[in-house]
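Protein chains: 2
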Amino acid sequence: MRPLILITNDDGYQSAGIAALQRVARKYGDVVVVAPRHNSSGLSHSITSKTPLRVRAVDIQDDCKVYFCTGTPADCVKLAEGHFCPRKPDLVLSGINAGSNASINELYSGTMGAVREACSDGLTAVGFSLVDYREKSDFEEILPYVETIVRQVLQQGIPAGITLNVNIPNLKHDEIKGIRICRQGASRWVDSYERRVDPHGHDYYWLSGRFEELDNGEDTDLWALRNGYISIVPGTIDSTHSDSIPLLTSRYADILN
Amino acid sequence: MRPLILITNDDGYQSAGIAALQRVARKYGDVVVVAPRHNSSGLSHSITSKTPLRVRAVDIQDDCKVYFCTGTPADCVKLAEGHFCPRKPDLVLSGINAGSNASINELYSGTMGAVREACSDGLTAVGFSLVDYREKSDFEEILPYVETIVRQVLQQGIPAGITLNVNIPNLKHDEIKGIRICRQGASRWVDSYERRVDPHGHDYYWLSGRFEELDNGEDTDLWALRNGYISIVPGTIDSTHSDSIPLLTSRYADILN
Chain A
15 MRPLILITND
25 DGYQSAGIAA
35 LQRVARKYGD
45 VVVVAPRHNS
55 SGLSHSITSK
65 TPLRVRAVDI
75 QDDCKVYFCT
85 GTPADCVKLA
95 EGHFCPRKPD
105 LVLSGINAGS
115 NASINELYSG
125 TMGAVREACS
135 DGLTAVGFSL
145 VDYREKSDFE
155 EILPYVETIV
165 RQVLQQGIPA
175 GITLNVNIPN
185 LKHDEIKGIR
195 ICRQGASRWV
205 DSYERRVDPH
215 GHDYYWLSGR
225 FEELDNGEDT
235 DLWALRNGYI
245 SIVPGTIDST
255 HSDSIPLLTS
265 RYADILN
Chain B
15 MRPLILITND
25 DGYQSAGIAA
35 LQRVARKYGD
45 VVVVAPRHNS
55 SGLSHSITSK
65 TPLRVRAVDI
75 QDDCKVYFCT
85 GTPADCVKLA
95 EGHFCPRKPD
105 LVLSGINAGS
115 NASINELYSG
125 TMGAVREACS
135 DGLTAVGFSL
145 VDYREKSDFE
155 EILPYVETIV
165 RQVLQQGIPA
175 GITLNVNIPN
185 LKHDEIKGIR
195 ICRQGASRWV
205 DSYERRVDPH
215 GHDYYWLSGR
225 FEELDNGEDT
235 DLWALRNGYI
245 SIVPGTIDST
255 HSDSIPLLTS
265 RYADILN
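These protein sequences, in sequence, are chains A and B.
For the first sequence, the numbering used here begins at 15 and goes up steadily by one.
For the second sequence, the numbering used here begins at 15 and goes up steadily by one.
None of these hints come from the bench; they were simulated from the model.
The beta-carbon is built from N, C-alpha and C at its ideal position, and this holds for glycine as well.
Just so you know, nobody snuck in bad clues.
Here are some, though not all, of the chain B residues that point toward chain A, as calculated from beta-carbon distances under 8 Å:
| id | residue |
| --- | --- |
| 1 | H59 |
| 2 | R68 |
| 3 | G96 |
| 4 | L121 |
| 5 | G192 |
| 6 | R202 |
| 7 | S206 |
| 8 | V247 |
| 9 | P248 |
Produce the entire structure from the sequences given, and follow the hints as far as they go.
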């Protein structure tokens, strides 16, 4: 039996990035796409519990079935597993996102929220993002690299409980220097909300903000992307900082039992 | 100068849990509350970039200023820092959430999304949750413990870049056995969306699901809560799984440069 590959994203089922990912996936397996109806960027790992979800079949072919869902990227994964995948997916792919999910952006990313959800359900999951913010990103140039990584993951697997966050620099195919396994570089958003006044005299605030790299390590995704490499960061969904356990156990000793 | 304590939550500015947290915080500092207008449970670390945010002052007193915001918990923190805090907060508190954010629930939690946001901005931040899902949770019983932890964090600090996720069992004050520093226990949601048919003949899906503990470790938050202890899990916002870097570097060697 061919592998079953579940695909989702956060840019919506009609985005160019998900179409590109579908083309790659269909070479290697049967594909089920369940993706948000609308652009759901910045939704992180949010889930919908207070309203019901709707799903609609968009294009049903033997080897590729496409649905949109009214929920978040993580909802799409949950719902696909339970109701739209004929069997347990061998691989979950999310993306290709238009825009970076490297470094701290991973926290906010709906693309990576879907990947974490799949991982939490015991599935092998990879998120792909292209560091390009134009309205019309060109995914063709980078597709051979996406294919290389998808094939590798299908053949070699991922350590259990680990996600992969793949970010691809916005370069021509020949300009990309290669692929690197990295750690997440430290960075922060210096947030300057812009305050405006509406025609009725009331304030409102637009998120703006400037991205600030805080890490010069050559082993980071930030360094890789800046230097023409594709970054792959292995991630965990267990956010425990183990080294802090003995430290806090000693520092907070007088309130612990 | 008294410490400045920023408070938010995901249950909304009118919830009983945030009122309880405010009462504790006012004993130790000047308080600014910026919290979501409506219940925002399950929003994780999502942020609002495509619509502007509104903020309204609800109650302005010398030592405690309360605002609601139309955004997510993470938005509240970002916006408060930039526009509603007179100076950099010494401490950010989120909660007290009505319901567990222990173990894997931390991923979905808007309460903890706000804490991660504050941490990513270099602030000291703690999330509090009470493992009680009733409409009217009784926060009074556990408030002395919340106060003990807030006081300890103000006095002893938290390691830089680390969040604290505090979960409190739903017990009477005297039944609580104490406080423990824990790791996040492994668990998963076995998701069974319930499919229903609307009066017009169309399907819709309700999230239901059953929580399954996968970890018997006595060092976990799951064990602590089951045995009558308050759990404090130190967390990191860097999701890199360091041990997987050499492992993948070797396993994927033929596609890397």
